[in-house]
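> Based on the sequences and whatever the hints tell you, model everything.
These protein sequences, in sequence, are chains A and B.
The first sequence maps to residues -16 to 489 in the working numbering.
The second sequence maps to residues -16 to 489 in the working numbering.
Quick caveat, the hints were computed from the structure, so don't treat them as lab data.
One thing to keep in mind: the hints can contain errors.
Note: identical chains are not told apart, hence a pair may lie in one copy or across any two.
Said to hold, decoys possible - List time: in silico BS3-like cross-link candidates among lysine-lysine, alpha-carbon distance up to 30 Å: (1) K463 - K(-14); (2) K391 - K443; (3) K341 - K196; (4) K17 - K196; (5) K395 - K17; (6) K395 - K202; (7) K395 - K377; (8) K265 - K200; (9) K238 - K265; (10) K395 - K229; (11) K238 - K407.
Keep in mind it's a predicted model, so treat the numbers as computed, not measured.
Protein chains: 2
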Amino acid sequence: MKKLGIIDIGSNSVRMVVLHIKPDGSFRLIDEVKETLRLGERNGDSRNLQPEKMRTAIETLRFFKDLGEALEVDELVATATEAVRRAPNREDFLKMVQEEIGIRISVLSGMQESYYDYFGAINTMVLSDCLIMDIGGASTELILVRNREFRQSVSLPFGAITMAEMFRLKDPLTEETRQKMRKFLYSEFANLTWLESAGPLVGIGGSFRNLSKIDRKLKNYPLDITHNYSMTDMDVNEIFRLVSGKSAKDRTDIKGLSADRADIFPGALAEIEALLDFTGIKSIQVSGAGLREGIGYEHMLGGREPVRDVLENSLDNLVKNFGVNERHASNVWNLSRTLYHQLQEELGIERNQERVLKTAALLHDCGINVSYYDHHKHSFYTILNSRINGLSHKELVMAAMVAAMHRKDEMKLTAPFKSLLDRKEYNTVRQLGIMVRIAESLDRRQNGNVIGIESQIAAKTVTLRIQAWISPGLEINDAKSIAGTFARTFGKQLQIQESEEVDSVE
Amino acid sequence: MKKLGIIDIGSNSVRMVVLHIKPDGSFRLIDEVKETLRLGERNGDSRNLQPEKMRTAIETLRFFKDLGEALEVDELVATATEAVRRAPNREDFLKMVQEEIGIRISVLSGMQESYYDYFGAINTMVLSDCLIMDIGGASTELILVRNREFRQSVSLPFGAITMAEMFRLKDPLTEETRQKMRKFLYSEFANLTWLESAGPLVGIGGSFRNLSKIDRKLKNYPLDITHNYSMTDMDVNEIFRLVSGKSAKDRTDIKGLSADRADIFPGALAEIEALLDFTGIKSIQVSGAGLREGIGYEHMLGGREPVRDVLENSLDNLVKNFGVNERHASNVWNLSRTLYHQLQEELGIERNQERVLKTAALLHDCGINVSYYDHHKHSFYTILNSRINGLSHKELVMAAMVAAMHRKDEMKLTAPFKSLLDRKEYNTVRQLGIMVRIAESLDRRQNGNVIGIESQIAAKTVTLRIQAWISPGLEINDAKSIAGTFARTFGKQLQIQESEEVDSVE
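Below is the structure:
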């Protein structure tokens, strides 16, 4: 057991996350604090850290340190980025922090910052080729990813605060200002010979989080989840238009925009819009994970080799965090996968649904942590809110619904999820729900008694022959309650029998 | 650690619950199975158990036994009630069960059955004087409770199935049938000299659970919680009218009524209506706990002394089940109680809200089990669904909302909870939410650093002087985020200072 604190001294805000890493390799976030200090705000032309900002930063770090001690943090990693990196007086600041509160800050190079951004995103999203953009207060990182590998990166020395200082963005934006920003950004991007359209733009940082939140509010999106949220270039254009027309004060009316970001937000939007235009990228995926998560994964994985399978890694972690019965969960997953593979084609079930099925099967009982009563409903809620990495939002909702169907008849497709799933996807959910429900019955003893299933599909029937360690009468009896739902869904009678295979041992 | 299985062979259904009892005394339900066998159904005039029913019962018990073994149950308690109790051939049945599956069934006397009903209800509801009614398939228990004590009881040899057999209730009921049932029931009740109106009628059993479910559906009630649900005699009359007008087949249209109870439900309703009329009792509280829970509590408490404080017992159990940081939870409860007691009168906060405040304070972090992100929202969901005993439904919703406010500004009062809380109650929620939020900040280190609070209330300010083990700068700094909400709610500025008390140690 280890508690790791990660402090990130950014140009806009200073944050600390505390991770609890268990001996079994699982981890969870146990605390998070943030202060918006605007350390990267300049006083005139000086790139120095301003004395009063330094004082506030030290007070904040003292608070973080105290909190870390109170939480019994074993290791504290503190990093700083552009505001400190560029400051001629940074040694004074680092020395003060070291002497007054005993924290040694690592000032990350632009490349290191880019790498951790990449490492946070690559371990929490299913990405192959993409361009990552992290807009900070005083810098912007761009990272080219090919085949999940880190290829190229740059740390541009301007961010949301810098843009606001350069172009004065407090009033409604004139067309002239927008053109100026665009010209500036294009000339910066033009220097990057390697910049190209490579899959989606993956957006990191508070500006992207705000952008996605505004978009969700505008669209009445049914989930309040930032990570892996998808948007298009058109969505960005629309929000930029909306924001540009307003002064910083009036922007606070925009639902989803943080008050403490209203003044600097248009600069970030200008950067995103220009990059999309410049590269021709049309689609954005927002990442809730970046620098801090990248540092966290480096510690947890013990190196810089990304996880092999993002979803699997995330599910392993959640299975341990939720303390579900791992043996039963894995039995239900194996049995439902067997059923799916044997029945998928002939019963006309959608292909390639293993990720949804696996998530639902492994986590079907996680709602027991809320209460045993109606725990299928609580599994729905828990899955929906548990920040599983490696699923699209659609798949997440589908998995939550499949899990909700593991004990009872169908869950209806109602608002607000109606807007996310169409009838066909809902039908897939119902079909997968039956697979999990049969698997749940077949592992009714929770001990892996059922070893094999052999399916025979005839005109009017589906027969499952069950091979089990000891006679599976109990399991078959329990599975009978599914027959009605099965017949309604697939138009065939379900028959479950003990396999007639006889042991050859005399 | 111990796993206890409790089998209850009733006249309508046979059930098993499995409880996991931990060394720290906490327990949770981990499995529940039910088969509706109608063991109490008669064949002509014979009171004997019918051979085919006995066979099915034995198969069901074999399933339960196997499941118990698979779940590694350490102790299996099996009880039977009226259907077995009255049967002249019961010894044959008991012997068959013993010989074929090795389960020894205790046949409870009517008094024992009544006692366990009482013990299930008294440990899970705040009751002083009341009349308990448990309607089974073939018997009805009535128990008079005075001052939380078991006073008198009777087990009447008829229940929902018996009534259906006696009065043929499959068709829509004629006025004549209703009169006949009423006459029969009144004559039975008239023999019970001790029967009187003593607080509410506490209803136990499937018929009451169905009754409450129908009532919730009719009223669009915002919670799907049976235990401690309140109804009036008028509600019962209305539902009886609704049910009486329909045949058994048509009754399945009634939302909330189980299909496997549609034929016998009017008999149970007739019993409830007659008892309310006879005693003049106007209000009903439905108990989700009865015989099985009574047996469970006897085992868990190691005797027949009821818990001293139902809410406290339930909260202790949930704090352990959820694995929340007990020290921090108890610090937040102590600090918020101190604040409440010091501020309640002068700031015009509602009196007697300790139960709501205690629940919210002790469980404010339980949502972390779902995810740290937005855990205040998950605490809301978890509290609402965690079957806390000893709170009214209104108090439960209030506590969940107060917990949801421990980190962020107010949670709005929206549908469906608008129908349960009025503006005044919502205002109380907001005020208590501030108490918990200040307490949370004052225990920001989670280690009980703050020892004392001294409040001073002036015309325009409320000043809190904080005494702490080590200087509480961190805590006070954290609590400052509440100042705006505090001022808006109470119309006074909140000031928090370190107490000037100086240690007298030189």
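> Looking back at the numbered hints, which does the structure fail to meet, lowest number first?
none
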